[in-house]
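**Q** Using the hints, position chain F against chain V.
There are 2 protein chains.
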Amino acid sequence: MNQKKRIFIGLDLGGSFIKYALGDHHGDLLYTGKKPSRADQSQDVIFSVIYEIVDHLREKQKELDGEIAAIGFGSPGSVDFDRGRLIGATPNINEWTDADIRGRLQSRYNLPTWVDNDANVMAYAEARVGAGRGMKNIIALTLGTGIGGGILIDGKIYRGSTYAGAEIGHMSINFAGPPCNCGNYGCIEQYASAPAMLRFYEANLKAAGKSIPKDLSTFLLFERSDQGEPEAQKAIQETCRYLGYALANLANIFNPDAIIIGGGVADADDSLMEMIAQEMKKRALPPAVRNLQVKRAELGNRAGMVGAILLAADCLDAER
Amino acid sequence: MNQKKRIFIGLDLGGSFIKYALGDHHGDLLYTGKKPSRADQSQDVIFSVIYEIVDHLREKQKELDGEIAAIGFGSPGSVDFDRGRLIGATPNINEWTDADIRGRLQSRYNLPTWVDNDANVMAYAEARVGAGRGMKNIIALTLGTGIGGGILIDGKIYRGSTYAGAEIGHMSINFAGPPCNCGNYGCIEQYASAPAMLRFYEANLKAAGKSIPKDLSTFLLFERSDQGEPEAQKAIQETCRYLGYALANLANIFNPDAIIIGGGVADADDSLMEMIAQEMKKRALPPAVRNLQVKRAELGNRAGMVGAILLAADCLDAER
Chain V
35 MNQKKRIFIG LDLGGSFIKY ALGDHHGDLL YTGKKPSRAD QSQDVIFSVI YEIVDHLREK
95 QKELDGEIAA IGFGSPGSVD FDRGRLIGAT PNINEWTDAD IRGRLQSRYN LPTWVDNDAN
155 VMAYAEARVG AGRGMKNIIA LTLGTGIGGG ILIDGKIYRG STYAGAEIGH MSINFAGPPC
215 NCGNYGCIEQ YASAPAMLRF YEANLKAAGK SIPKDLSTFL LFERSDQGEP EAQKAIQETC
275 RYLGYALANL ANIFNPDAII IGGGVADADD SLMEMIAQEM KKRALPPAVR NLQVKRAELG
335 NRAGMVGAIL LAADCLDAER
Chain F
35 MNQKKRIFIG LDLGGSFIKY ALGDHHGDLL YTGKKPSRAD QSQDVIFSVI YEIVDHLREK
95 QKELDGEIAA IGFGSPGSVD FDRGRLIGAT PNINEWTDAD IRGRLQSRYN LPTWVDNDAN
155 VMAYAEARVG AGRGMKNIIA LTLGTGIGGG ILIDGKIYRG STYAGAEIGH MSINFAGPPC
215 NCGNYGCIEQ YASAPAMLRF YEANLKAAGK SIPKDLSTFL LFERSDQGEP EAQKAIQETC
275 RYLGYALANL ANIFNPDAII IGGGVADADD SLMEMIAQEM KKRALPPAVR NLQVKRAELG
335 NRAGMVGAIL LAADCLDAER
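Sequences listed follow chains V and F, in order.
Each residue of the first sequence is one higher than the one before, starting from 35 at the first, in the numbering used here.
Each residue of the second sequence is one higher than the one before, starting from 35 at the first, in the numbering used here.
Everything labelled a hint here was simulated from the structure, so no lab data went into it.
Misleading hints may appear alongside valid ones.
[As the list claims (entries may be wrong)] Only part of the chain F face toward chain V is listed, based on derived beta-carbon distances under 7 Å:
no.	residue
1	Ser-195
2	Thr-196
3	Ser-206
4	Asn-289
5	Leu-319
[To be verified] Distance condition first, Cα-Cα at most 27 Å in a straight line; then the derived DSS-like pairs of lysine-lysine:
no.	chain 1	residue 1	chain 2	residue 2
6	V	Lys-96	V	Lys-68
7	V	Lys-190	F	Lys-170
8	V	Lys-170	F	Lys-38
9	V	Lys-170	F	Lys-170
10	V	Lys-190	F	Lys-69
By construction, the Cβ of each residue, glycine as well, lies at the ideal position given by its N, Cα and C atoms.
The following block holds chain V by itself, in its conformation from the complex:
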């Protein structure tokens, strides 16, 4: 039989760049690239960038032994997975409200297209071929400017009844804690995101009468911690302790196989995961954490592309 290898397009839309890839149904990437997403411009402009990318990938595909079978797309914001489009607005891309991603791509390319929230897509990648491969129930957290969450139940992405679930960054661990942008108080985003970590660091430096560096970043914080600076080390410990509180809740609720942590913190070494796991175990019910692994995400910034490709490949399989 002269059947060509199926190739998938994976697109990962962010506030600064669109990352794109061609890959196979194992999630192996055959070709990758990125392009500014022009997220400050109109929806039509953003779609024109996406079209350029897909046109380019369709050209590239000709060099490969295969044919494009489907498109997978990860987008910020709430995504109606069944319709493949945004629900309402998303903070980092002003004009992206209600964007009909599947509608536009399918009508232009006549290729089956699946769209999901970017945190879900990343969690899916980690679950399928990353830190959670072979596991069934997984919670994924991405610690960045905010905290993204993904929930895998029995290997499937759990989206909630109206696609608004898995907002784990907005689980409050202290109802009287600092106000969050979301309107709630004490969300873990206020305790374990990159900005929160830097706030702890600044407070520690101030308390020690030290000056605050102008080029403050989590990179610098980790560097200084490695160099043995107590204020930096303490900021990391504080973040891990709060993360431990959050993970204890997630363990008691989900009793998952693994909690996978990605984003800035995941760039640090595994000792951090150990520290977070220890804090979790101090608080969680013992049976809920006996077999639970706290793992660093493995796919780094490829997770979005890999997840989009695997989502498209698996959804296409399921339809057949």
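**A** Using the frame of chain V, we list chain F on its own:
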């Protein structure tokens, strides 16, 4: 065809009583009763009570037009659903450690038997034929001496990877809150269980210089609140506010169709559910609660029997 109607045995083991019933696959109860569970005695004694009940129900069944097809059993403690037995100990029944409920019942009666944690069984009943009927994703909370939790994902009980999930009573809403029996701090059990509610009430009475009644109970508390006593009303408001915080977390994580509340608080009127829902909406992400119903459990203390019967009926169907 001369096929007899299938009848199911439902057993609901508690620290004081075993409730038992015969019912059909709709969860309709045909015959019910209860017997002291003798939970302070040996495992063999407790099983002898269970055998007496099953023997009795098999006699009763003869009066009905049907034959017993399976047994469903709700037990306190962590239950290995796939093996139908306890995992370790349970606080209210000393000698119930590792009780092999399915093994004992199947070998004695040669009837297929399914066993699950009592909170799961109650949640299942509410999901199938109670406040959550027709819905897919449901969180159930039972507020009593402790707080039991059940999670229904796509209509199926979610148990966690090692049957230790859905411990929603031990989600902390304040990492610096009062210590909980479980070893954690600020668990919702410390804010919204019956004892917590009574603690608020006592504190309010003390603060007002009033005496504390000796026969303090949630029944009395609700009665006095209905009579307009401000200290009682305030205790209920406090409990509802804390529950609102907890429900906001659950909404953000699960975006379920409904959160169903049973136990002592559910005996009060629907205005309480409204109060809890309002507190939840102040804190949750709007898309997560737009279609979310906060509902009072409907099945009361029949939920355990109904759930056990439906679990047995549905599991038997799924095996066929």
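**Q** Taking the hints in turn, state whether each one holds.
**A** Here is how each hint holds up against the structure:
no., hint, verdict
1, Ser-195, "5 Å, holds"
2, Thr-196, "6 Å, holds"
3, Ser-206, "6 Å, holds"
4, Asn-289, "3 Å, holds"
5, Leu-319, "6 Å, holds"
6, Lys-96/V <-> Lys-68/V, "19 Å, holds"
7, Lys-190/V <-> Lys-170/F, "15 Å, holds"
8, Lys-170/V <-> Lys-38/F, "40 Å, violated"
9, Lys-170/V <-> Lys-170/F, "20 Å, holds"
10, Lys-190/V <-> Lys-69/F, "43 Å, violated"
Consistency note: the structure conflicts with the earlier hints numbered 8, 10.
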